[in-house]
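Chemist: Here the protein sequences line up with chains A and B, keeping their order.
Quick note on numbering: the numbering used here labels position 22 of the first sequence as 22, and the sequence is numbered without any gaps.
Quick note on numbering: the numbering used here labels position 1 of the second sequence as 1001, and the sequence is numbered without any gaps.
Do not rely on the hints blindly, as some may be mistaken.
The calculated label-pair distances, taken between Cβ atoms and stated as ranges, are [to be verified]:
id, chain 1, residue 1, chain 2, residue 2, range
1, B, S1011, A, N50, 46 to 56 Å
2, A, G76, B, G1053, 56 to 66 Å
3, B, G1068, A, T59, 18 to 28 Å
4, B, E1139, A, S34, 48 to 58 Å
5, A, S34, B, S1011, 51 to 61 Å
6, B, G1053, A, S119, 38 to 48 Å
7, A, S90, B, E1076, 50 to 60 Å
8, B, N1114, A, T59, 47 to 57 Å
No lab work stands behind these hints: they were computed from the structure.
Each residue gets a CB set at the ideal place from its N, CA and C atoms; glycine is no exception.
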Amino acid sequence: MHQLEITTPRDASIAVAGKPVVFTARTTPPQLASRVRWSVSTQPGEPGANGIGASFAYTFAATGVEQVVAHLDDDGLTCDVIVYVFKTQSGGSTLADLLHADPPPVARAVASLRRWGPSTLAPRAAS
Amino acid sequence: MTEFGASLTNSIRETTCDAGKHALERFATDAVLALGEAAMALVQQQVSTGATGLADTLVNACGKDLAGTVVTDCDENGLDIGEVHVATNLAKFAAGDPTVRSPVGEISAEHCFNFALAASDGLEATGTLTLHGACELDEATRRLKPSAWAKIELALAWSSKPKETPPTAP
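Using the sequences provided together with the hints, build the complete structure.
Modeler: If you want it as structure tokens, here you go:
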């Protein structure tokens, strides 16, 4: 059975704007990892991004709710994680840093996003 | 960040100690007649010691522990660091929820002290002093604002059966 899982970062993690976040996926069987397709839908007005492979790095620019989606197209597998990004003055993510974080330029609730979850199994393996 | 640090120390101490004093004053009027001077002196001591301990907890948290705590997860239940609880609004803030102005909510700690007030053959009187101190971001000034409350609860237990006294050695 084929499986796709986003292993890092965890769903609902905190990230800091301006610093790259590395997303990694695990597949079953492992050789499928090179075929993982990544997509990120960022705040309106910012360029999105796509990538291929077991890992994918992206640097968010502003405070906001961000969704990163991993696909294994041949198997029809999709999973996602939500990352809460904070733009802080110091570039850190301590409580003191977060207390003075910039507000998001655009409101976007998690409930408005279609979710797949961080792990998924193929109902049947692709031929 | 100075708001977390030393500038808050005095106001946290005063606010917490005042809460304990006010609770004691409200409690004392009738209680001193019912319980006696000695019991009230014990409560007074608990309030004084407890308020100081709670103030120290908050001062240490705001000055050192919390400011440097790296936040990795967006937990709706907030953060617990030792005795201190931090209410967080991280998800709502990042989502642009208009009801949330700050990603960090109230920083609070609570201490409970149990004490015995009186005991006779059939009657036992015990009490619990609860002290709660908090710091919350004042949205108007963008500074942390301390607050506190205290609660004294009494429990009276009475039994018609006299207490058994241990046998004395011959």
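Chemist: Now look at each hint and say whether the structure bears it out.
Modeler: For each hint, the structure was consulted:
no.: 1; hint: S1011(B) <-> N50(A): 46 to 56 Å; verdict: holds, 52 Å
no.: 2; hint: G76(A) <-> G1053(B): 56 to 66 Å; verdict: holds, 59 Å
no.: 3; hint: G1068(B) <-> T59(A): 18 to 28 Å; verdict: holds, 24 Å
no.: 4; hint: E1139(B) <-> S34(A): 48 to 58 Å; verdict: holds, 50 Å
no.: 5; hint: S34(A) <-> S1011(B): 51 to 61 Å; verdict: holds, 59 Å
no.: 6; hint: G1053(B) <-> S119(A): 38 to 48 Å; verdict: holds, 46 Å
no.: 7; hint: S90(A) <-> E1076(B): 50 to 60 Å; verdict: violated, 25 Å
no.: 8; hint: N1114(B) <-> T59(A): 47 to 57 Å; verdict: holds, 53 Å
Of the hints listed earlier, the one the structure fails to meet is number 7.
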